[in-house]
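**Q** Please build the complete structure, drawing on both the sequences and the hints.
There are 2 protein chains.
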Amino acid sequence: MDKVRVCVDAVGGDEKPEVVLAGIEAALEADADLDVLVAGPEEVVAGFCSAHDRAEALVAPEVITMEDDPIQAVMTRRRSSIVLGCRAVKKGQADGFFSAGSTGAVTAAGTAYVTPFKVELDGRRSAIRPCLTNALPNRAGGLTVLCDMGANPDVEPMDVVRFAQMGAAYASCVLGIDGPRVGLLSNGTEDHKGSAFTQSCFPLMAENVEGFAGNCEGTDLTSGHFDVVVCDGFAGNVALKSIEGAAKFMMQELKSGLMSSVRGKVAALLMKPVLRGLKRKLSGDAKGGAVLLGLRGVVMIGHGATSVEAVKNGTLACAAAARQGLVDRVADSMGAVA
Amino acid sequence: MDKVRVCVDAVGGDEKPEVVLAGIEAALEADADLDVLVAGPEEVVAGFCSAHDRAEALVAPEVITMEDDPIQAVMTRRRSSIVLGCRAVKKGQADGFFSAGSTGAVTAAGTAYVTPFKVELDGRRSAIRPCLTNALPNRAGGLTVLCDMGANPDVEPMDVVRFAQMGAAYASCVLGIDGPRVGLLSNGTEDHKGSAFTQSCFPLMAENVEGFAGNCEGTDLTSGHFDVVVCDGFAGNVALKSIEGAAKFMMQELKSGLMSSVRGKVAALLMKPVLRGLKRKLSGDAKGGAVLLGLRGVVMIGHGATSVEAVKNGTLACAAAARQGLVDRVADSMGAVA
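Protein chains in written order, with my numbering: chain P, 1 to 338; chain B, 1 to 338.
One thing to keep in mind: the hints can contain errors.
Claimed, not checked - Okay, derived cross-link-like pairs now, PhoX-like style, lysine-lysine, Cα gap no bigger than 25 angstroms in a straight line: (1) Lys281/B with Lys255/P; (2) Lys279/P with Lys281/B; (3) Lys265/B with Lys272/P; (4) Lys279/P with Lys272/B; (5) Lys91/B with Lys279/P; (6) Lys272/P with Lys91/B; (7) Lys281/P with Lys265/B; (8) Lys255/P with Lys279/B; (9) Lys265/B with Lys265/P.
I should point out that these hints are in silico values taken from the structure, not numbers from a laboratory.
**A** Printed below as a string of structure tokens:
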């Protein structure tokens with residue numbers, strides 16, 4: 001495989017750095033052509049890097065936590081792992097950056113330091129809005145891309161069009177979906193359904209998005225009828241977290257239902273592997289994490305409640321996206337000018 | 001119990017009228033102080049009503065189906081069960097109306113014929129927007145009220161305030177929740193999170209809604225941390241359908257996981273009662289249906305994919321809401337003037 005170098009945030013996420021480091025180690029073992037740049041305080045990264053040939057330290061004495069105000073923290077803590085990781089991508093020292101840290105902070109740092117593409121609009125060059133994207137497992141056995149998942153709560157219709165173009169590029173480049181079907185998230189599938197905002201998006205989507213298949217509903221995030229579902233970051237966040245909550249609810253109901261009888265307890269024992277598999281599928285650990293599309297570099301964000309496997313897969317997903325040329329594909333999809 | 005009379009739409013929903021009629025019969029058996037007015041074509045309702053003492057026919061020769069354009073259908077089919085049922089409530093011939101028919105058509109007919117309350121605003125009386133409300137089971141073992149679920153995709157901040165007031169009145173009057181905690185659906189729980197729209201709602205909520213507990217997220221629809229979650233009808237519809245889709249996905253994954261091994265098949269057999277209970281809890285059949293708050297009469301809407309139990313519970317829920325004085329409580333909650 002092509003040699004690739006990924007920067008990983010050693011202090012991102014709610015887990016101890018040891019968990020992240022174990023994840024990086026697992027990624028190095030899985031991919032012999034991978035180098036890593038490990039960003040974090042010296043006491044965290046130095047030992048690991050001297051013990052691993054293909055790991056180099058990126059010393060970042062400052063830390064941005066989940067509790068910090070994202071923009072404030074990124075502006076003031078310039079020697080944090082999140083800021084230095086993004087700068088490493090920008091300077092070409094790394095082909096991608098993976099962090100399980102604060103989504104808001106990575107988004108802010110990615111936007112400020114990796115910087116978004118520009119498009120020409122009415123004769124002027126303007127920066128596009130990067131969009132937070134992830135893929136959810138669906139009932140057809142595949143994945144459905146959701147964008148924007150929450151980076152931009154307030155957008156213009158043309159932003160939604162670009163999210164769709166970028167999401168489709170991601171679906172075809174990273175997930176290998178040929179000619180992805182793109183749906184506009186609405187409150188009904190009929191063309192006339194929607195808010196005033198989505199109704200103003202509809203004709204622009206029809207004109208500018210290849211594979212646009214009309215309106216879709218919240219159920220279509222998991223139905224498998226669409227490969228890409230596009231919306232503003234407010235609706236995307238609400239949808240994603242509603243699904244997360246529903247999954248938690250179902251798991252809890254199932255467990256308490258099973259534990260309330262002997263018969264259920266036996267069933268629970270027998271079905272342990274099934275429940276474990278379902279939990280794993282839902283956790284997103286297997287997919288690596290969310291990606292910030294529209295930046296001049298690969299930036300991926302894992303779930304804050306991370307694990308060794310999640311960090312391993314996030315690091316490998318970052319490497320894969322870099323090898324697949326995701327950034328160029330996204331730039332092409334919306335005719336970025338630089 | 002107080003004598004009460006509920007009008008039921010015999011031809012609402014995707015099932016045959018026989019299913020609805022069996023549901024009405026079950027409701028009559030369960031509640032000796034209940035009378036019903038059965039709305040539908042003569043050939044559907046006449047036989048049933050002559051065979052049941054406490055049932056009277058409301059002959060409605062026209063039918064509005066799920067496929068019809070709701071507003072168009074309500075405007076042109078004035079002798080449909082949905083229009084005549086709403087008019088019966090308005091004229092005081094029934095204390096409430098239950099239909100498992102088209103949500104859009106019942107909402108349109110309820111708004112046009114049962115008519116919404118008015119409030120005084122800047123010295124002028126204006127009609128409020130009725131809001132579609134339902135209660136979802138949560139992880140704390142209780143119910144969380146979601147409003148608006150989809151009747152109003154585009155609203156003003158003061159509409160959201162009224163949805164909250166009405167939702168809280170419903171939670172306390174119908175669900176018996178003392179001092180309901182009300183959350184504003186947003187993309188994060190911190191006060192500063194949200195879209196420009198929800199941020200403009202926030203101070204108005206703080207000023208006008210008793211029990212306002214700040215922003216909440218999609219996960220809070222099922223977390224049990226809030227008794228009422230309020231939002232515009234677009235976000236509410238997206239959230240509700242995302243949850244619906246997630247539940248379907250989980251059920252399917254579980255089943256296919258279990259069916260893929262002998263061990264799993266045994267577990268599936270043993271856990272059948274648990275799965276059945278979970279399905280029942282999720283279907284909403286036990287709760288009766290959604291209610292249209294803000295109208296001068298009780299109007300409830302069941303799931304289109306109805307069942308005998310769903311119709312029975314919807315009819316009984318309608319009777320209960322009438323006895324509990326829901327309409328007056330809702331009017332009081334927002335200081336309706338007439």
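**Q** Against this structure, judge whether each hint is valid.
**A** To see whether the hints hold, each was checked on the structure:
Among the hinted pairs, Lys281/B with Lys255/P is consistent with the structure: their alpha-carbon atoms are about 15 angstroms apart, no more than 25 angstroms. For a cut-off of 25 angstroms, the pair hint linking Lys279/P to Lys281/B stands: about 21 angstroms separates their Cα positions. Simply put, Lys265/B and Lys272/P have alpha-carbon atoms about 13 angstroms apart, close enough for the 25 angstroms limit, and the pair holds. This hinted pair checks out: Lys279/P and Lys272/B have alpha carbons roughly 20 angstroms apart, not beyond 25 angstroms.
Annotation: proposed proximity of Lys91/B to Lys279/P is violated, straight-line Cα distance about 53 angstroms (limit 25 angstroms). For the proposed pair Lys272/P and Lys91/B, the alpha carbon gap of about 58 angstroms is over 25 angstroms, so the pair is violated. As the CA atoms of Lys281/P and Lys265/B are separated by approximately 21 angstroms, the hinted pair is consistent with the 25 angstroms bound. Pair hint Lys255/P plus Lys279/B holds up; C-alpha atoms about 14 angstroms apart against a cutoff of 25 angstroms.
For a cut-off of 25 angstroms, the pair hint linking Lys265/B to Lys265/P stands: about 15 angstroms separates their Cα positions.
Consistency with the previously given hints fails for numbers 5 and 6, ordered from lowest to highest.
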